[in-house]
Amino acid sequence: MITSTEDAQNEDRIQRRVNKILETRLETDKDTLDALSNLSNFFVENTLQNRRNLRSEIERRTVGINESFLQAFREVKNTLDTVCEDLDAMAKSVQTMKCNLESSKALTHDLISQTNSLQTEREHLQVDQQIAEAFLARFQLTVPEHQILYGTTKDAQIVPEFFTVLNRVQSIHADCRVLMQCGYQTAALEIMEEMTLHQEGAFERLYRWTQNHCRNLENNEIGSLVVEAMSRLQDRPVLFKYVVDEYAIVRRAVLVRLFIEALTEGGANGSLKPIELHAHDPKRYIGDMFAWLHQAIPNEKENLSLLLKKCDKNDLSEQTQTALAYIADGVCHPLKVRVETILTSEKDTIVLFAISNLLRFYQQIIKQVVKGGTLEQTLIDLQKSSEEIYLNSLSNQVRSILQRPASASLGIEPPQRDLIPPMSVGRLLNMLKEILSVATMVDGRQTDITKIVSCVIDPLLQSVQESASHLPTIDMAVYLLNCLYHMQSSLAVYEYMDERVERLQAQSDAQIDTLISEQASSLVANLNLGPIYTILQNNQTKIEANLLKIFMNKMDAFLEMPEMLLLPQVQLLMSSAHRNTVRKRAFNVIVAIYKQIYDRVHDPANGFENPDSVFSKTPDQVGKILAV
Amino acid sequence: MSSAPYNYNYIFKYIIIGDMGVGKSCLLHQFTEKKFMANCPHTIGVEFGTRIIEVDDKKIKLQIWDTAGQERFRAVTRSYYRGAAGALMVYDITRRSTYNHLSSWLTDTRNLTNPNTVIFLIGNKSDLESTREVTYEEAKEFADENGLMFLEASAMSGQNVEEAFLETARKIYQNIQEGRLDLNASESGVQHRPSQPGRTSLTNEAPNTKDQCSC
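Residue numbers (full-length UniProt numbering), protein chains in the order written: chain A, 1 to 628; chain B, 1 to 215.
Warning: the hint list may mix true and false statements.
[As the list claims (entries may be wrong)] Which chain B residues stay away from chain A? Per the calculated CB distances, all over 10 Å, these:
#  : residue
1  : V46
2  : I53
3  : D56
4  : Q63
5  : A75
6  : S79
7  : G83
8  : E129
9  : T131
10 : V134
11 : D144
12 : E163
13 : E178
[Stated by the list, open to error] Example chain A residues on the side facing chain B (calculated, C-beta under 7 Å, incomplete):
#  : residue
14 : G287
15 : D288
16 : K584
It should be emphasised that the hints constitute simulated quantities derived from the structure, not laboratory data. Here a beta-carbon is modelled for each residue, glycine too, at the ideal position from N, C-alpha and C.
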C-alpha cells in the first residue's frame with residue numbers, strides 16, 4: 001500500500017510537473033521569451049562547439065556583468081565616503097561654534113542687563129521730557145509767540161494775534177498761583193516774574209504803538225485793533241491816560257483845522273461857501289460858526305466813545321469828558337477872536353443883543369455836551385462880554401438920544417405947552433420895543449429884559465423928572481403923568497414887566513394925588529368955599545348967610561357946566577383914565593364939603609332958619625350930577 | 001476782534017424843517033424810537049437824533065438835526081442847513097398855512113444847502129383825514145414842479161415815516177454812486193467809514209471814494 005501510494009505520489013509529482021510544463025505558455029511568459037531571445041544572440045551558428053560552450057559562455061557573461069556591478073558600487077561607496085567625511089567636518093565646526101556661542105553668551109550677559117537698565121532709564125527720561133515739554137508749553141512762550149509779542153522789527157505792527165499772546169501771558173501769570181499752591185514756589189515765582197516782564201514789555205510796546213497810531217489818526221478812523229488795545233491798556237491807567245491825551249491832542253488839531261477850513265474854504269467842492277463869507281452879517285456869521293461846532297462836537301464824542309468802546313473796567317466818564325473838553329478847546333482861540341471882532345465892530349445895539357442871545361443859547365447847548373473845559377469858560381466869557389457890550393451900547397444910545405444937541409448935560413427937550421412927552425421918550429420906547437421883540441431863545445430872559453429896561457427907563461425917567469422940575473406943580477404933574485403913562489403902556493405888553501409897571505404906577509399915583517389936590521384946591525377957590533371951609537374946619541357953628549349965598553350961586557353955575565372949572569392942564573392928560581380919576585376924586589371932595597355944609601345948615605342945633613331955602617339940591621343930587 | 005469798530009459805512013446828515021407844530025420832532029421820534037410822542041414839547045433850537053439804516057447792504061448812520069419851527073429860532077436853525085445831505089420839509093395837511101409857507105422854506109433850503117441836497121416834502125398828519133385842508137394832488141403838483149420827492153405820512157400811526165427817511169437815503173446813496181457827492185469834502189453831509197476791521201493801520205491811506213466791498 002505504501003508503495004502504491006508512493007508510486008501514486010511519484011506518479012502524481014511527475015504528472016504535475018508534466019502538466020505544469022504543458023500548461024506553461026511560453027509565448028505569454030515575457031521573461032522566458034527575453035531570456036530565450038537573449039540566448040539566441042550567443043551564437044550565430046548552431047554548432048556542437050557552441051552547444052558545449054553554452055554553459056561557460058553564460059557563466060562568463062554573468063561574471064562580466066557582476067564585475068561591472070562591482071565597479072559601479074565601488075564608485076558609489078567612494079562618493080558616500082567623501083560625504084561622510086564632510087559631515088564629520090561640519091559636525092566638528094558646529095561643535096566649535098557652539099562652544100564659541102556659549103562663551104560669548106557668558107560674556108554678553110552683563111552688557112544685556114546694562115542695556116536693559118539703560119532702556120528703562122531712557123523710558124523714564126522720555127516721560128520726564130514729555131512732562132517738561134508740557135510744562136514749558138503751558139508756562140512758557142514759544143518763539144513765534146515771543147516774536148508776535150515783541151515784534152520782529154522795532155516798529156512792527158501790532159497784529160490781532162498779539163492780543164492772544166498777551167492773553168496767554170496773563171493766563172500763565174494767573175496759573176502760576178495754582179503752581180505755587182502745588183508747592184513749586186521757586187518755579188512759579190520765576191515764571192511769574194518772567195511773565196510780568198513780558199507783560200510789561202508787551203504793554204510798553206502796545207502803548208507806543210497805540211500812541212503812535214493815535215498820533216497819525218488823521219481821518220479819525222478807529223480800527224478794531226486800537227479799540228482792543230485801549231481795552232487792554234485800561235489795566236495801566238497811566239499809559240491809558242497818555243494815549244487818550246495823545247488822541248485828544250491830535251483830534252484837537254484836526255478839529256481846529258476843520259473849523260478853519262469851514263470858515264475860510266467852505267466845502268463840498270465849492271458848493272458850500274466858507275462861513276466867513278457871511279462875516280458882514282454878524283448874526284448869520286456867528287450862528288454858522290456855532291452851529292458848525294455844535295454839529296462837529298457830537299462826532300468827536302462818538303469817536304471818542306468808539307475808541308473807548310471796550311473799556312469797561314473803570315468809570316471813564318470823567319476822563320472822556322476831560323478829553324472831549326480838551327479836543328473842543330482848540331477852537332476857542334479862533335472862535336473867540338472872531339466873535340470879539342464882531343462884538344467890537346458891531347454898532348447896532350439890536351444886533352448886539354441878538355448876538356448875545358445867540359451866544360447864551362449856544363453856551364447852554366454846548367455846555368450839555370462839553371463840560372468843564374476852556375470852551376465852556378470861553379463861551380461864558382464871550383456871553384458876559386457880549387452882554388456888557390450890548391448894555392454899554394444901549395446906554396450910549398440912550399445917552400445920545402437924551403442928550404440935547406446944544407448942551408453937553410444930560411437932558412431932553414424941554415416940555416412944550418401941550419405937556420405931551422417929548423420925542424425922545426417915544427424914540428427910546430420904540431428902541432426898547434425893538435430890542436424886546438428880538439427873538440430870545442433861552443432862559444434867563446427875565447434878567448436880560450430887566451437889565452435892558454433899566455438901562456433905558458432909568459435914565460429916561462431921570463431926565464424926564466429933571467426937565468419936569470422946572471415946571472409949575474400942575475404942569476409938572478401932568479407932564480410926568482403923560483410920560484409915565486407912555487412908558488407904562490409901552491411896557492405893559494411885555495412879560496416880566498410887573499415890577500417895573502408897578503413902580504411906574506406908584507409914581508403915577510403920586511402925581512395923580514398931587515393933581516387931585518391941586519384940582520380940588522382950585523375948585524374950592526373958584527366956588528368961594530375957602531371961608532366956609534375954614535369955619536367948618538374950626539367947628540364954628542355960625543356960617544354967614546352971605547357966604548352961603550355966594551357959594552350956592554357959584555355952585556349952581558358949576559353944576560350947570562362942571563367941566564368949566566377943571567384945570568386946563570387936566571385936559572392935557574393923555575390918559576382918559578387919569579383924567580377921569582382926577583376929575584372924579586376932585587369932585588368927590590367938593591361933594592363931601594357940600595354934604596358937610598348941608599348937614600350943618602340942616603342941624604336944628606345951629607338955628608338956621610328955613611334951611612331948605614338955602615340949598616336947591618340935596619348932596620345926593622349934587623353927587624349924581626358930578627358923577628357923570 | 002469780533003465786531004468792526006464802525007458798524008456803519010456812511011453817515012448822512014439830515015435836517016428837518018417846517019412850520020411850528022407840523023410834527024417834525026414827532027416824525028423824528030417815530031423814526032428813531034418807532035413810537036408816537038404825544039404832548040411833544042416845542043423844540044428849543046435844534047435837537048439831534050440818529051438811527052442806522054441799510055441801503056444796498058450798506059449800513060448808513062443817519063444823523064438827523066431836528067430844528068425848531070418857531071420863528072424866534074430861525075436865526076439859529078438856518079445855520080444847520082449847511083452841509084445837510086438831506087432836507088425833510090414838513091407841512092401839516094390839516095393846516096393850510098403850513099403848506100402855504102413851503103415856498104419860503106424851500107427858498108431858504110435852496111439858498112443854504114448845496115445843489116445836491118435831497119429835499120423830501122412830507123405832508124404830516126395823514127391820519128387826520130377828516131380835517132384835511134391840503135389835498136394830496138395839490139401837494140404832489142407842488143413837489144413835482146419843484147423837483148421834490150413827496151409822501152404823505154403820519155407820525156401818529158407811523159405810516160410812510162420809514163419810507164420818507166429811507167427814500168431820502170436811497171436817493172443820496174444813488175448820488176454817491178453816480179459820483180455827484182464828493183465824500184472827501186468834509187461838508188458834503190456824508191462821511192464814509194471803512195467797515196472792515198483791522199484794515200486801518202498806520203500805513204493805510206484814506207479809503208477810496210469807491211466802495212470797498214466788504215462781502
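Hints and how they fare:
A cut-off of 10 Å between C-beta atoms contradicts the statement that V46(B) is not in contact with chain A; the least separation is 7 Å. For I53(B), the shortest C-beta to C-beta distance to chain A comes to about 17 Å, beyond the 10 Å cut-off, and the non-interface label holds. Separation of D56(B) from chain A is adequate, the least Cβ-Cβ distance of about 21 Å exceeding the 10 Å criterion. A Cβ of chain A approaches the Cβ of Q63(B) within 10 Å, the least distance being about 8 Å, so the stated non-interface status is violated.
Its beta-carbon lying about 5 Å from the closest one in chain A, A75(B) breaks the requirement of being farther than 10 Å from that chain. Chain A draws S79(B) into its interface by the beta-carbon criterion, the shortest separation being 3 Å against a cut-off of 10 Å. With a closest Cβ-Cβ approach of about 6 Å to chain A, G83(B) is found to fall inside the 10 Å limit, against its non-interface label. Consistency note on E129(B): stated as away from chain A, and its beta-carbon is indeed over 10 Å from all of that chain's, at 35 Å minimum.
With a cut of 10 Å on Cβ distances, T131(B) stays outside the contact zone with chain A, its closest approach being about 30 Å. Non-interface status of V134(B) relative to chain A is upheld: no Cβ of that chain comes within 10 Å, the nearest being about 28 Å off. Remark: the non-interface label on D144(B) is consistent with the geometry, its nearest Cβ contact in chain A lying 24 Å away (cut-off 10 Å). For E163(B), the shortest C-beta to C-beta distance to chain A comes to about 26 Å, beyond the 10 Å cut-off, and the non-interface label holds.
With a cut of 10 Å on Cβ distances, E178(B) stays outside the contact zone with chain A, its closest approach being about 15 Å. At about 4 Å, the closest approach between the beta carbon of G287(A) and any beta carbon in chain B falls short of 7 Å, and the interface hint on this residue holds. Annotation: D288(A) was flagged as interfacial toward chain B, and the flag holds, the nearest CB pair being 4 Å apart, inside 7 Å. Against a cut-off of 7 Å between C-beta atoms, the interface hint on K584(A) is violated, since the closest Cβ of chain B lies about 43 Å away.
In summary, the numbered hints that this structure violates are 1, 4, 5, 6, 7, 16.
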